[in-house]
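> Here is what each chain is made of, one letter per residue.
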Amino acid sequence: QQQVRQSPQSLTVWEGETAILNCSYEDSTFDYFPWYHQFPGESPALLIAIRPVSNKKEDGRFTIFFNKREKKFSLHIADSQPGDSATYFCAATYNRIFFGDGTQLVVKP
Amino acid sequence: GPKVLQIPSHQIIDMGQMVTLNCDPVSNHLYFYWYKQILGQQMEFLVNFYNGKVMEKSKLFKDQFSVERPDGSYFTLKIQPTALEDSAVYFCASSFQGAQDTQYFGPGTRLLVL
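These protein sequence lines are chains A and B, in that order.
Per this note's numbering, numbering of the first sequence is gapless, rising by one per residue and ending at 135.
Per this note's numbering, numbering of the second sequence is gapless, rising by one per residue and ending at 108.
Do not take every clue at face value.
Here are the simulated SDA-like cross-link-like pairs (lysine to any residue), alpha carbons at most 25 Å apart as the crow flies [said to hold, decoys possible]:
1) -3/B / 64/A
2) 98/A / 55/B
3) 47/B / 120/A
4) 51/B / 71/A
5) 51/B / 82/A
6) 98/A / 72/B
7) 97/A / 35/B
8) 98/A / 110/A
9) 72/B / 121/A
10) 83/A / 18/B
11) 82/A / 95/B
12) 53/B / 50/A
These aren't lab readings, by the way, just hints derived from the structure by calculation.
Small disclaimer: the values here were computed from a predicted structure and weren't measured.
Pulled out of the complex, with its shape left as it was, chain A reads as follows:
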């Protein structure tokens, strides 16, 4: 059973729009939810993360919205820029980390 589900698989937005990436999880014991981004040919890097005591976490143009009851969380990228084009992985952890399948984001100028 896949522990973390991510959608959409790919997303294309225009520069300036808000990109919304979604994740859901199965296990209620998960207690840390990071988002990583990965540019082609590079390694993943932490973008932003949230713990379930909060329902929102902001860092500049990046915001995580967290719904503990529904076991869902999303990443909103406001004012999307072409440089944001990358693959975004959500994840959930307790003793180990489970990654979603990734969303390939393309921001068109």
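Could you slot chain B onto chain A? The hints should help.
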């Protein structure tokens, strides 16, 4: 920021041979991880390692896989013997604390098994 190094960056070997992937984690980090990523796909957890021991491993961590960090040097992933399906990018990561701490990833080793 903190850097994790991986050696080699690329490796091509024949099926059945042994390969050792090397990771130089962030110097004060205590937890170490290996992940496997097939081109364009999800990153999949293989194993985590702490205090000289495997803490947890996934079903992808076959019997042919082993990890160690002798005398605080490189954290290594050894595959013996290799199989065609082992072809992937292997990422090493490290963190100061456990899974809830930021993991810093290395650049990956691209392994091709022929």
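> Taking the hints in turn, state whether each one holds.
A quick look at each hint next to the structure:
Distance check on the hinted pair: residue -3/B and residue 64/A sit about 16 Å apart at the alpha-carbon level, within 25 Å; holds. For the proposed pair residue 98/A and residue 55/B, the alpha carbon gap of about 29 Å is over 25 Å, so the pair is violated. Distance check on the hinted pair: residue 47/B and residue 120/A sit about 18 Å apart at the alpha-carbon level, within 25 Å; holds. Straight-line distance between C-alpha atoms of residue 51/B and residue 71/A comes to about 22 Å, which keeps the hinted pair within the 25 Å bound.
Between residue 51/B and residue 82/A, the direct Cα distance comes to roughly 32 Å. Violation of the 25 Å bound is thereby established for this hinted pair. The hinted pair formed by residue 98/A and residue 72/B fails the criterion: a straight-line CA distance of about 37 Å is larger than 25 Å. At most 25 Å may separate the alpha-carbon atoms for a hinted pair to count; residue 97/A and residue 35/B meet this at roughly 24 Å. Distance check on the hinted pair: residue 98/A and residue 110/A sit about 23 Å apart at the alpha-carbon level, within 25 Å; holds.
Between the alpha carbons of residue 72/B and residue 121/A the distance comes to roughly 23 Å, so the proposed pair stays at or under 25 Å and holds. For the hint pairing residue 83/A with residue 18/B, the CA-to-CA distance comes to about 32 Å; that exceeds 25 Å, so the pair is violated. The hinted pair formed by residue 82/A and residue 95/B meets the criterion: a straight-line CA distance of about 19 Å does not exceed 25 Å. The hinted pair formed by residue 53/B and residue 50/A meets the criterion: a straight-line CA distance of about 22 Å does not exceed 25 Å.
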